[in-house]
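*Asks:* Please take these sequences and the hints and turn them into a complete structure.
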Amino acid sequence: MHSCRRQVASLGAKMPFNLLVLACLAYVAFLFLVAFAGERRAAMGAMGFLRSPVVYTLSLSIYCTAWTFYGAVGYAARSGLEFLTIYLGPTLVFIGWWWVLRKLVRIGRQQRVTSIADLISSRYGKSNILGILVTVIAVVAATPYIALQLQSVTQSFGVFASETPENWALPNHDATVFWVAAGLALFTIVFGTRNLDAKEQHHGIVIAIAVEAVVKLVALLAVGIFVVWGLGGGPVAMIGRIETIANPAWMIQPTRWAGLIFLSAAAVISLPRMFQVMVVENVEEDHLARASWAFPLYLVLMNIFILPIAVVGLELMPAGANPDMLVLTLPLSQGQGGLAMLAFLGGFSSATSMVIVETIALATMVSNHIVMPVWLWLRPDTARTGDLRGGILLSRRLSIMAVLALGVAYFKMSGGSNALAAIGLVAFAGMAQVLPAILGGIFWRGGTKLGAVLGLSIGFVVWAYTLFLPSFGEGAMLSAEIFRNGLFGIGWLRPQALFGTEGMDPLIHALFWSFSLNTAAYALGSLLSFPDPVERVQGVSFVNAFDEESQAERLGWTHGQAEPEALLNMAQRILGDDAALSFFETETAAQGKAGYLPDLTPAFLAALERRLAGSVGAATAHAMISQLFGRATVTVEDLMAVATEAAQIMEYSAQLESQRSELTRTARQLREVNEKLTQISAQKDAFLSQISHELRTPMTSIRAFSEILTEGDLPPKMVADYGQIIHAEAQRLTRLLDDLLDISVLENGSVQLNLGLASITDMIERALVAASQTRPERRFEVQRDPTREAIFVRTDPDRLVQVFINLISNARKYCDAEAPRLRISVRQKGGRVMVDFIDNGSGIPKEAQGLIFEKFARLSDESRAGGAGLGLAICREIMANLGGTVAYLPGQKGAAFRVSVPLRLDPAAGVAAKETLRV
Amino acid sequence: MRRPRPPLFLARAVYRRRRLRDAARLLPVLGLFLLLLPLMWGDPSGKGAGQSVVYVFVVWVVLIALAAYLAPGLARPESDGEAGRDAQLPPSGGKSGGQDAL
Chain L
0 MHSCRRQVAS LGAKMPFNLL VLACLAYVAF LFLVAFAGER RAAMGAMGFL RSPVVYTLSL
60 SIYCTAWTFY GAVGYAARSG LEFLTIYLGP TLVFIGWWWV LRKLVRIGRQ QRVTSIADLI
120 SSRYGKSNIL GILVTVIAVV AATPYIALQL QSVTQSFGVF ASETPENWAL PNHDATVFWV
180 AAGLALFTIV FGTRNLDAKE QHHGIVIAIA VEAVVKLVAL LAVGIFVVWG LGGGPVAMIG
240 RIETIANPAW MIQPTRWAGL IFLSAAAVIS LPRMFQVMVV ENVEEDHLAR ASWAFPLYLV
300 LMNIFILPIA VVGLELMPAG ANPDMLVLTL PLSQGQGGLA MLAFLGGFSS ATSMVIVETI
360 ALATMVSNHI VMPVWLWLRP DTARTGDLRG GILLSRRLSI MAVLALGVAY FKMSGGSNAL
420 AAIGLVAFAG MAQVLPAILG GIFWRGGTKL GAVLGLSIGF VVWAYTLFLP SFGEGAMLSA
480 EIFRNGLFGI GWLRPQALFG TEGMDPLIHA LFWSFSLNTA AYALGSLLSF PDPVERVQGV
540 SFVNAFDEES QAERLGWTHG QAEPEALLNM AQRILGDDAA LSFFETETAA QGKAGYLPDL
600 TPAFLAALER RLAGSVGAAT AHAMISQLFG RATVTVEDLM AVATEAAQIM EYSAQLESQR
660 SELTRTARQL REVNEKLTQI SAQKDAFLSQ ISHELRTPMT SIRAFSEILT EGDLPPKMVA
720 DYGQIIHAEA QRLTRLLDDL LDISVLENGS VQLNLGLASI TDMIERALVA ASQTRPERRF
780 EVQRDPTREA IFVRTDPDRL VQVFINLISN ARKYCDAEAP RLRISVRQKG GRVMVDFIDN
840 GSGIPKEAQG LIFEKFARLS DESRAGGAGL GLAICREIMA NLGGTVAYLP GQKGAAFRVS
900 VPLRLDPAAG VAAKETLRV
Chain R
0 MRRPRPPLFL ARAVYRRRRL RDAARLLPVL GLFLLLLPLM WGDPSGKGAG QSVVYVFVVW
60 VVLIALAAYL APGLARPESD GEAGRDAQLP PSGGKSGGQD AL
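Each protein sequence line maps, in turn, to chains L and R. The opening residue of the first sequence carries number 0 in numbering that gives the first Met the number 0; numbering runs sequentially from there. The opening residue of the second sequence carries number 0 in numbering that gives the first Met the number 0; numbering runs sequentially from there.
For the record, the hints were derived by calculation from the structure and aren't laboratory data. All C-beta atoms in this analysis are idealised placements derived from N, C-alpha and C, irrespective of residue type, glycine included. Treat each hint with caution, since some may be false.
Unchecked claim - So the derived list for chain R, only partly shown, Cβ under 10 Å to chain L, looks like this: (1) A10; (2) L31; (3) M39.
*Replies:* Here it is as structure tokens:
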């Protein structure tokens with residue numbers, strides 16, 4: 000043992016603390032790069048490897064935290080085989096994925112669930128009380144667990160910093176904790192709140208966690224292989240060694256063995272971080288099939304060397320050594336500095352990945368179920384005005400910092416004591432209290448909100464009283480008096496012997512009573528209460544998640560007084576302009592219409608609500624739509640289907656009803672088309688008279704002046720003047736004829752395109768210069784973002800510039816604002832470039848929006864500045880020839896046009912696009 | 000609008016797939032049984048933990064192997080059988096939803 004100490008002392012010099020910190024920082028920088036690269040690839044749509052089942056399986060490994068990495072060895076050293084139960088439970092859940100996990104993942108995708116609190120709140124009638132309750136339970140249960148991770152990082156720093164491994168004290172471990180927590184907060188905020196995704200997925204973080212999963216597995220395997228083959232003499236000798244140990248504490252205790260398998264199985268379903276990676280970050284349901292065996296395999300590999308490390312560690316290390324740090328101290332004591340460093344990084348990975356994901360999951364809950372509802376309640380008008388996205392992101396970021404600050408505060412309060420080591424199971428038991436509400440919610444239609452609230456609160460209180468508060472030790476939270484004589488001196492209420500059950504292990508005792516009472520309260524509350532319609536509809540769609548038919552008849556909105564434009568405005572403020580517009584566009588297209596404003600069918604509203612729920616949670620989304628929509632209602636069909644189980648007759652009438660509404664919609668579409676045709680026919684007549692008129696005016700003046708000129712003997716100055724006028728009028732005629740020719744050529748598709756490579760910046764510059772001749776007397780402010788414009792496209796630059804010129808001069812002509820302003824924004828999306836021209840005028844009235852692209856459609860004559868009303872019609876034809884589109888963008892507080900061109904114009908494709916347009 | 004009566008017999012492929020799902024459902028039950036078995040081994044104080052360790056790990060790996068054998072068949076999208084799936088459901092008045100009907 001003496002030689003061992005000397006070795007360690009000499010190692011202190013070999014392994015400077017600075018080097019460790021440096022390695023640690025380099026590793027963190029590497030993780031930042033990985034996460035950043037992941038985000039980049041996801042943003043470019045090149046997900047490839049990111050979406051593979053391997054990454055999904057590896058990300059599930061955040062189940063193995065620092066508690067596994069360091070604590071499992073300590074656990075094994077103390078109580079033998081029992082540590083395996085923590086991994087056997089999840090194994091059973093995963094190989095039995097067909098029962099529960101498959102359904103959870105399916106529901107998570109259907110309902111766009113953002114967290115476990117959201118799942119429960121959404122199932123029980125989008126109730127926010129339940130959301131808050133689950134959030135509180137999650138925060139209370141997870142805070143000590145986060146503190147535990149921070150402690151393990153400081154302890155492992157301590158092992159390297161101190162001279163001898165037995166002494167854990169790091170001179171300033173407060174500072175270490177602070178810097179680690181600050182680093183984690185930064186990482187989580189940077190990659191966890193970059194955007195408000197529709198489905199709350201964080202690809203950068205998932206890929207970083209997958210990398211960390213590999214690091215911790217490799218580290219633990221390396222230490223294990225070193226111990227078994229380097230120190231233990233091979234696997235057979237190792238088993239023999241384990242056989243000889245006759246430690247009474249190592250005996251399997253039947254109740255603990257079975258109880259812990261159950262507890263860990265419950266935990267793997269209900270831990271917020273597991274739910275986050277398993278359900279929320281799931282990109283494809285099929286990945287679960289692969290993970291069903293691959294994740295248990297990972298667990299086997301993580302655990303296969305734990306017992307050997309513990310046995311050899313107990314033999315070789317001095318008696319007082321902390322068994323929780325054996326993974327580090329054993330290699331160190333054997334002079335394996337590099338291996339110890341690897342083990343340190345493995346432990347660091349386990350701790351950081353857990354903290355990051357747990358923090359994101361908790362922050363999402365806190366922000367969606369506590370901060371946002373309070374904010375909306377305090378300022379109800381924010382649902383209608385103001386940019387909500389900034390607010391939501393801010394509240395996420397603050398929640399992340401608050402959660403981490405709680406963890407640090409808990410760590411400081413408990414002083415990094417050994418009491419933390421037991422907290423892993425305590426946290427499991429606390430979070431597992433949501434299990435009855437989840438399982439009941441997805442398998443039993445009769446489960447109600449009241450039942451869930453009662454079950455959760457009773458389970459939580461019993462857990463806190465029998466396990467959480469006693470875990471601080473006698474006299475810390477509960478007085479010794481209560482321990483001995485029970486609450487208020489009632490013997491039946493002793494925290495570790497409820498109702499006189501004295502013979503039980505404290506953990507099993509707490510588990511037994513909290514789960515029994517929780518389940519009983521849930522069942523009884525559900526049996527005795529009556530659910531409201533929203534709850535019943537949600538219940539059906541959760542329990543029958545695999546039944547396509549019942550998914551069709553979901554909770555819907557009846558026609559209210561909201562305008563599609565108001566909904567679009569709200570959606571833009573939550574999802575962002577682009578996402579909202581493309582969502583509305585797809586929905587409109589699905590209804591067989593063109594443009595951005597769909598009919599407000601119940602199906603569309605349900606889809607919109609689910610989409611919003613992906614960003615702000617089900618309860619908030621429901622509340623926001625109902626604020627705009629007047630009242631929250633379910634359709635008559637839904638109510639009928641809910642009210643009676645014998646809904647067959649109703650089903651028939653519901654089908655008739657849906658056919659009727661289908662007919663109504665078709666009729667309306669026909670009417671719209673008819674209206675347009677009538678307008679176009681009127682336009683055609685107008686076109687002829689317009690053309691004659693347009694041709695006649697210049698003709699008349701040319702004829703008159705040339706007559707005067709033929710009479711002769713005029714002063715030369717007058718001749719020159721008249722000649723000038725004739726020239727100008729002839730020019731105007733030519734321009735008009737050019738335009739007409741242009742449009743007929745474009746319409747025939749026989750136009751010759753001069754393809755070339757040109758940058759958007761240059762084209763906008765050219766267009767701005769050319770358009771500045773229109774009403775040059777007006778001061779006109781143009782807002783641009785040069786960095787986003789630096790995109791090269793392969794197209795016909797002259798034609799595209801022609802379109803830009805037209806749109807810009809239109810803005811100059813018709814924008815009626817006091818201080819006219821034009822915003823040109825460019826973005827690239829899926830192989831296309833979108834250029835938006837948005838001015839701050841009064842825009843184009845809704846009824847005219849369908850007409851402006853027609854020939855000779857000039858809206859008013861008030862500020863007529865030349866041109867024959869062919870501009871936008873030509874633009875539309877040019878864009879069709881370039882394989883792109885130009886469209887009016889509603890809801891931008893001004894006239895707004897979006898030009899969309901492909902990055903590379905394939906000449907054949909341009910023609911094909913043109914053909915389909917013609918059909 | 001009653002649902003049509005379910006057919007009495009299923010096509011062979013569909014039948015196989017249903018039994019595969021049954022196997023997937025039974026696997027965790029088998030696993031639980033095997034993992035609780037060591038509790039019945041009587042008083043272990045005389046011998047060490049070596050045997051139990053080997054037993055637990057062997058059971059663990061066998062369960063994973065079985066799950067890996069079943070998983071590809073379960074993940075396959077149900078194309079042919081699924082089209083008429085609702086029609087094959089027993090008319091379960093919506094009580095249990097019957098989403099996993101045999």
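*Asks:* Confirm or reject each hint.
*Replies:* Hint check results:
Residue-level restraint check for A10(R) is violated (minimum Cβ-Cβ distance to chain L is 20 Å; threshold 10 Å). With a cut of 10 Å, the hint placing L31(R) at the interface with chain L holds, because the nearest CB-to-CB distance is about 6 Å. With 10 Å as the threshold, the beta carbon of M39(R) comes within range of chain L, its nearest partner Cβ sitting at about 9 Å, so the hint holds.
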